[in-house]
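Novice: Chain by chain, the residues run as shown.
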Amino acid sequence: MSMQNSNSSAAPSWPLLTGVSVVGVYAHFLLHAESQIAVLGLAVGAILLLIAFSRFGWTARVATSAATYPKLLGAGAVAAVVLVAAVSYEMHFALLMLTTVLLYSTVCLGLNIQFGYSGVVNFAGAAFFGIGSYTAAVLASHSPLPHLLIVALAGLVAALLGSLLILPVLRTRGHYAALITIAFGILFKTFLEVNDALGGPQGLKIPGMEILGWKFNDNIAIGDHELSFYLNYLVLSLALCAVTFVLVRRLERSWMGLSMDVVRLDETAAATFGVDIARWKITAFTLGNGLAGMAGAIYGMMTGFVAPNNFTFGDSLILVSIVILGGIGNPWGILPAAAIVLILPEKLQFIQEYRFLLYALLVILILLFRPDGLLPRKIRNYFPGDAGR
Amino acid sequence: MSTILLEARGLTMRFGGVTALDALNLAVHKDEVLGLIGPNGSGKTTFFNVVTGLYAASAGSVDFEGREITRRAAQEIYRAGITRTFQRSRLCLPLTVFDNIAIGNYQHLQHGLLFNLFRRQALKRQYQENLEEACRLLATFNDKLVDRLFDPVSALTMIDRRRVEICRALISRPRLLLLDEPSAGMTHDETHELMSDILQVRQRLREAGNSVTIVIIEHEMNVIDRVTDRCVVLNYGEKIAEGTYAQIAADAEVQRAYLGSD
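Chains A and B supply the protein sequences, listed in that same order. Numbering-wise, my numbering puts 288 at position 133 of the first sequence, and it's gapless, one number per residue. Numbering-wise, my numbering puts 10 at position 9 of the second sequence, and it's gapless, one number per residue.
Bear in mind the hints are in silico, worked out from the structure with no lab data behind them. One should not assume that every hint holds.
Listed below are several chain B residues computed to face chain A (Cβ distance under 8 Å; list not exhaustive) [said to hold, decoys possible]: (1) T53; (2) A57; (3) A75; (4) Q76; (5) Y79; (6) L96; (7) D100; (8) G105; (9) Q108; (10) H112; (11) N117; (12) K125.
Glycine is no exception: its CB is placed at the ideal position from the N, C-alpha and C atoms.
All chains should be modelled from the sequences, with the hints used to inform the complete structure.
Specialist: Below is the structure:
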């Protein structure tokens with residue numbers, strides 16, 4: 156422990172700042188790349204550069220630096236997103252992609268509490284995301300409630316509908332629990348398709364978000380320049396994602412995270428030491444579904460439209476593969492993984508049709524060669540940055 | 002005559018047609034080290050599992066400190082003051098030594114969502130307290146283990162894992178500790194070392210006013226001879242002898258149970 160501290164206090168902050176800048180610049184080029192060859196070149200280049208950097212021990216230096224200055228890392232990441240967005244201020248599509256990454260990351264942070272910490276598998280993430288969108292559609296169209304409250308309520312409704320699943324999820328484990336959530340996701344989609352009140356297969360329109368008279372769906376005019384309206388949603392999504400991130404981190408670095416970990420790893424030992432297993436599974440499941448619901452509400456208001464086909468089992472699988480790719484249990488892994496899984500297929504038009512094939516391949520390769528994910532979870536450090544014990 | 006801490010009366014555990022515990026009457030006296038011995042399958046571990054609430058007894062009762070605890074949930078029995086180790090260590094291998102010991106103090110950790118997420122300073126104080134306690138316990142076993150507080154348990158040797166498991170069982174200051182074959186899988190020397198450690202920890206706890214009563218399942222007879230005050234011998238889920246090690250070692254029925262009759 157003492158060695159770990161002396162190392163970390165000596166670590167400089169510039170590798171971290173350089174690392175964040177490189178990732179930011181890379182994200183910018185990726186979002187702006189037009190030709191298929193440029194995108195492909197960027198993807199292959201990233202892999203080669205990563206291999207080269209880790210050969211020279213540069214990635215390790217960035218990691219040490221990041222572990223030493225966690226707050227700087229957080230601020231740097233937020234600044235990078237803001238800068239990349241600011242540079243693309245009039246590009247609807249790039250901003251839509253970026254916002255989608257942030258919202259999906261929020262959902263995955265929730266999934267991470269569920270199966271990363273407490274071991275509750277959830278293959279219905281997209282369904283809870285969809286519940287959020289539908290709640291927003293109904294409430295925003297038929298009630299005068301303020302839209303931020305609707306986002307919170309969407310989270311609540313998703314958590315409540317998720318509680319329907321708690322009993323079967325508590326009574327089953329592993330594959331069986333997975334099957335139950337898969338069944339729920341499929342039931343959800345089927346229910347929406349046959350339910351005319353919720354628009355059937357055509358879905359519903361969702362009014363754009365409006366907070367204190369500020370209309371999110373209007374482009375922002377500053378002098379002669381017109382900024383894309385997606386910037387509104389980007390800022391809101393960034394705020395949601397950042398707050399969620401901080402809270403998930405705190406949860407992991409507390410007795411809650413410890414209890415959830417023990418529940419996941421050994422239920423018998425947990426029970427022998429007084430750990431209330433059901434309590435932690437319910438807490439994790441509810442928190443995760445609530446986050447999915449909130450993200451779904453914002454996403455729905457941004458796209459202006461919700462239909463059952465947006466929330467298939469395949470979409471749930473994408474969410475799960477983001478968590479696996481990033482590194483189960485590590486919130487930092489989720490952001491790059493979400494960016495890879497969401498942006499690359501959009502950019503590489505020719506793989507669009509094969510995207511599920513690619514996800515499957517990616518997950519298989521990760522599980523074979525890097526089972527802990529791109530950024531494996533680190534050992535719990537309750538109060539990082541504090542010297543000594 | 003010492004007071005009785007734990008008493009099983011007519012305790013029976015059936016698994017289908019198999020009777021693992023057969024109307025067992027067994028008393029554990031306060032402050033003693035009781036050895037629980039018997040051939041494989043004689044019901045020793047089953048007794049632990051029934052007492053700690055992992056199995057629900059088919060019949061009979063268990064009293065702890067004068068209160069009935071039969072068929073209570075494992076969590077309740079832990080809160081009543083009984084902890085245990087397992088024959089095959091049940092530590093969470095990817096978690097650190099500290100994490101594994103801290104979870105043993107679950108009843109004293111605050112679990113509220115708001116406390117854990119927003120009262121970080123109060124959490125930090127609780128964390129420091131538990132850290133100090135874990136260090137103190139580990140140091141009783143071995144000073145070197147304190148340096149490994151933030152290593153994952155998977156990096157530890159077998160004997161150190163056992164020590165961590167015993168620390169996890171002791172940090173909540175239980176009145177009764179059940180040790181399920183702590184020497185399993187260890188060499189003769191390691192076993193000797195571990196037993197000295199256990200006796201030492203117990204002595205220090207007693208001096209600090211936290212005396213702990215121990216029931217130990219063990220196969221090594223020299224261990225039993227060395228650490229126990231009294232022994233109970235089980236065979237086919239029944240008690241066949243009881244007394245000091247010298248008494249039970251001389252018992253004809255015990256010899257038959259272990260060596261077979263002919």
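Novice: All the hints need checking, so say for each whether the structure fits it.
Specialist: Tested hints:
1. T53: Hint holds; T53 (chain B) Cβ to chain A Cβ min 6 Å, cut 8 Å.
2. A57: violated, 13 Å
3. A75: holds, 4 Å
4. Q76: holds, 5 Å
5. Y79: Holds, because the Cβ-Cβ distance from Y79 (chain B) to chain A comes to roughly 4 Å (cut-off 8 Å).
6. L96: Check passed: Cβ of L96 (chain B) comes within 6 Å of chain A, closer than 8 Å.
7. D100: Given a least distance of 6 Å, the restraint on D100 (chain B) holds.
8. G105: holds, 5 Å
9. Q108: holds, 5 Å
10. H112: Interface hint status for H112 (chain B): holds (6 Å vs cutoff 8 Å).
11. N117: holds, 4 Å
12. K125: holds, 6 Å
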